[in-house]
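Undergrad: Listed here are the chains, written in short residue letters.
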Amino acid sequence: MNKSKIDLELEVILTSTYSEIVLNVLKIHKNLSVIKTMVFAFLIKKRKFINANVYSASNKNDLVLKCISQLSGLYKDYCENLKYIISAIHLLIVNGKLAYNLGELMYVETSEIIIEEKSFINNAIRESKNYSDRQFLKEVVRNV
Amino acid sequence: MFKISKLIMVSYKNETFTYAFESGINYFKGVNNSGKTEFFSFIDYMFGSSDRIDKKIWFKNTLNYAILKFQYNNISYEVKRTLDREINYFKYKDEEWGEVINANEYKNKLNSIFVNNMSFLKDIRDFTEEDLTYRTFTLFNFLGEKSLGVLNDFFDKGKDIRYSTKLPSILNYIFNNNLEKIFSLKKQLSELQSEVSKIEKSINKFDFLKNNINFNLKKLNISILYTGKNKSAILDEIKLIKALEEESKKNSKKSKTIAELESIYNNLNEQIKVYESTIEDNRNFEIENSNRKKMLETLSNLISERKEFSYLVEPLLNMTGDLEKSISFNKYIINNNTIHELKNQREAIRNEIFANEAKFTCYSISEKSRSIALVEEYLSIDIECNTNELEAKRKLIKELKVEIKALQNSDNDKKINELSDFITKLYKSAKNISDIIKNDNDLEGFYIQYYKKGNLLQPKIINDLSQENYYIGSMARHTLIQLCGYLGFLSLLIKEKRYPLIPILVIDHISTPFDSCNRKAIGIIFQQFYKSISIDELQVFIFDDKNYGDLSIIPNHYEDLVNDNKSGFNPFFYEVKKENV
Numbered sequence: 000m001n002k003s004k005i006d007l008e009l010e011v012i013l014t015s016t017y018s019e020i021v022l023n024v025l026k027i028h029k030n031l032s033v034i035k036t037m038v039f040a041f042l043i044k045k046r047k048f049i050n051a052n053v054y055s056a057s058n059k060n061d062l063v064l065k066c067i068s069q070l071s072g073l074y075k076d077y078c079e080n081l082k083y084i085i086s087a088i089h090l091l092i093v094n095g096k097l098a099y100n101l102g103e104l105m106y107v108e109t110s111e112i113i114i115e116e117k118s119f120i121n122n123a124i125r126e127s128k129n130y131s132d133r134q135f136l137k138e139v140v141r142n143v
Numbered sequence: 000m001f002k003i004s005k006l007i008m009v010s011y012k013n014e015t016f017t018y019a020f021e022s023g024i025n026y027f028k029g030v031n032n033s034g035k036t037e038f039f040s041f042i043d044y045m046f047g048s049s050d051r052i053d054k055k056i057w058f059k060n061t062l063n064y065a066i067l068k069f070q071y072n073n074i075s076y077e078v079k080r081t082l083d084r085e086i087n088y089f090k091y092k093d094e095e096w097g098e099v100i101n102a103n104e105y106k107n108k109l110n111s112i113f114v115n116n117m118s119f120l121k122d123i124r125d126f127t128e129e130d131l132t133y134r135t136f137t138l139f140n141f142l143g144e145k146s147l148g149v150l151n152d153f154f155d156k157g158k159d160i161r162y163s164t165k166l167p168s169i170l171n172y173i174f175n176n177n178l179e180k181i182f183s184l185k186k187q188l189s190e191l192q193s194e195v196s197k198i199e200k201s202i203n204k205f206d207f208l209k210n211n212i213n214f215n216l217k218k219l220n221i222s223i224l225y226t227g228k229n230k231s232a233i234l235d236e237i238k239l240i241k242a243l244e245e246e247s248k249k250n251s252k253k254s255k256t257i258a259e260l261e262s263i264y265n266n267l268n269e270q271i272k273v274y275e276s277t278i279e280d281n282r283n284f285e286i287e288n289s290n291r292k293k294m295l296e297t298l299s300n301l302i303s304e305r306k307e308f309s310y311l312v313e314p315l316l317n318m319t320g321d322l323e324k325s326i327s328f329n330k331y332i333i334n335n336n337t338i339h340e341l342k343n344q345r346e347a348i349r350n351e352i353f354a355n356e357a358k359f360t361c362y363s364i365s366e367k368s369r370s371i372a373l374v375e376e377y378l379s380i381d382i383e384c385n386t387n388e389l390e391a392k393r394k395l396i397k398e399l400k401v402e403i404k405a406l407q408n409s410d411n412d413k414k415i416n417e418l419s420d421f422i423t424k425l426y427k428s429a430k431n432i433s434d435i436i437k438n439d440n441d442l443e444g445f446y447i448q449y450y451k452k453g454n455l456l457q458p459k460i461i462n463d464l465s466q467e468n469y470y471i472g473s474m475a476r477h478t479l480i481q482l483c484g485y486l487g488f489l490s491l492l493i494k495e496k497r498y499p500l501i502p503i504l505v506i507d508h509i510s511t512p513f514d515s516c517n518r519k520a521i522g523i524i525f526q527q528f529y530k531s532i533s534i535d536e537l538q539v540f541i542f543d544d545k546n547y548g549d550l551s552i553i554p555n556h557y558e559d560l561v562n563d564n565k566s567g568f569n570p571f572f573y574e575v576k577k578e579n580v
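Line by line, the protein sequences are chains A and B. Residues 0 to 143 (numbering that gives the first Met the number 0) make up the first sequence, in order. Residues 0 to 580 (numbering that gives the first Met the number 0) make up the second sequence, in order.
Because the hints were derived from the structure by calculation, they are not lab data. For each residue, glycine too, the CB sits at the ideal point set by N, CA and C.
Okay, derived cross-link-like pairs now, EDC-like style, lysine to aspartate or glutamate, Cα gap no bigger than 16 Å in a straight line:
| hint | chain 1 | residue 1 | chain 2 | residue 2 |
| --- | --- | --- | --- | --- |
| 1 | B | K292 | A | D76 |
| 2 | A | K82 | B | E313 |
| 3 | B | K545 | B | D514 |
| 4 | B | K204 | B | E376 |
| 5 | B | K92 | B | E77 |
| 6 | B | K459 | B | E443 |
| 7 | B | K292 | A | E79 |
| 8 | B | K218 | B | E236 |
| 9 | A | K45 | B | E261 |
| 10 | A | K26 | A | E111 |
| 11 | A | K82 | B | E307 |
| 12 | B | K293 | A | D76 |
| 13 | A | K29 | A | E108 |
| 14 | B | K230 | B | E376 |
| 15 | A | K82 | B | E296 |
| 16 | A | K45 | B | E259 |
| 17 | A | K75 | B | E269 |
| 18 | B | K217 | B | E356 |
| 19 | A | K44 | B | E259 |
| 20 | B | K293 | A | E79 |
| 21 | A | K82 | B | E304 |
| 22 | B | K228 | B | E375 |
| 23 | A | K96 | A | E108 |
DEER-style ranges, computed between Cβ atoms:
| hint | chain 1 | residue 1 | chain 2 | residue 2 | range |
| --- | --- | --- | --- | --- | --- |
| 24 | A | S55 | B | N265 | 20 to 28 Å |
| 25 | A | E8 | B | S303 | 21 to 29 Å |
| 26 | A | S118 | B | N350 | 20 to 28 Å |
| 27 | B | N350 | A | T109 | 39 to 47 Å |
| 28 | B | R349 | A | L9 | 26 to 34 Å |
| 29 | A | L9 | B | I364 | 42 to 50 Å |
| 30 | A | E79 | B | E402 | 54 to 62 Å |
| 31 | A | E19 | B | L239 | 41 to 49 Å |
| 32 | A | S55 | B | Y331 | 17 to 25 Å |
| 33 | A | K117 | B | S189 | 43 to 51 Å |
Bound-form chain A, shown alone (with noise of 0.2 Å):
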């Protein structure tokens, strides 16, 4: 593998940023799937890059949907950070901060105190266990 020191560099940059984004997200959530974790943590990213988010906590209805809609026109730009978030994922349960099974990641308990953010992604996130994971990347492949 020759890679040059530039792409090492974006690999441990975006690595580390999924890392803590995957880890975030299933403190707060406890589990969740890795398709639907590596949506969700593109979209968290991305909206660091997104002046206000264009979905508020308000919203009730089809919040999976409209989250996934959010994916529109980013499709490869998603496939492309695949490989850095499943490397993040892989690291953090090789280091044991996540537990992995059936295609089900869980967050290892540690004793420390969560504080959930009331947002439109964390709705969505929880609203998200309703779909059954090939429905969701249905939707995902679908709508993009």
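The hints should help you fit chain B onto chain A, whose structure is shown.
TA: Just chain B, lined up with the frame of chain A:
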């Protein structure tokens, strides 16, 4: 009173032939292929229809022109039409033929004849928002053979798109109870609309001022934005600057740097572009397939690069391959909405970038002082920006429109019921002749109800407990009901004396669906009808192949289209009958 007295036909060889008509019923008998239907549509042609009769073999090279003489309200008119639609003449009886007029002028002249009152046309235009002329009202004049027996949207011409779009508004107008109220509301509406446009103008002006003020404030490095209400605050700031005091940094909101903003802008821009181009390029399932392919590729590459991820990635791979078994529940509207929102953000960021540029530009003192002068001047212009008022007025307009619509669609039930009564009475009058009508009459509570919606004549059984629709076949029955419907409408329109209606009824081959006993009902119905209206008020033309006696019609004028001298309607046309050769 109205009467078409003569139709004079002139051939290329200047031979003439005259059909004379009388008030009341004019009955023309003709065997098959004698031009009954041609006569039927020729009357329409003389009254301005745009049929291409010059293409018809009946008339081609034989008929040159025709003159129709008629009287209306004691004035006699003569109109002349050639086979070419655009060459027409019009005159009063005691004048000479004038210049050629084209089809439009011809129709305009006829329109002025039949419109009793121009202000009525204006009213009906205001009401229906359509240009209606006497031509539209010919809807009520012609009962052709093709639509005999139709009760649903029962006017023959109603099948024609030119009429069908106008019929509902005419019916709304005829059966409307609230004409005056609607007019006053419409007046109110137009006043409101002009007020709104005034306010909009002043808001535009205000926006212009606001933008200019804010632009200049930026130059002065004042972080407050002018909103229309904080005039004094801005003036205070300016005072501070004039006094050369350093403004205190009240604004603690951390603003993004230009580089940040630009990267956000580019990101958004890219996202929107990609989304829009995918929409244009692909159909949905293609997008899905290409997306899946991309996902599969990415994941397989990943595994081949980093074996240790396979426990995470393989389930994903499997699932991606398995997606065909489910469907998506997405609503495209959500996606569009998101993109729309993103576009708004893009716009906002662009503005912010522009706004920030001012920060990093150096302005000279003279420029700054000019800005101060400008801001002060703009602020001194007192302009109203009353968005609340605008909203309120817009809401009012919306409400008014709804109200007008509701009023326009509300019916004058009394009038509709009177019409239904009239039609039912007319229909039942032939009970002693026709066994169909006798059967119906024997049914207790038999009634023909007219419905405006769908322009429908619905037979019903009405008794104390209920009213049921009465569906029964027989084209003959339906044709009789339809005839009564036509007569009912004509009598209604004629009696109200305000519609631009040619008071004629032209019927083609009505005997078709009847057996010998039931066809007699037609005459009885006409007899009954002429009890309620005088023969001067409505002239009827019937073309049929039966003898008038068979229909028990007592015509005021009778003529056979075929006689020793001619073979049909067009007296100059001799057909070489190929079948017989």
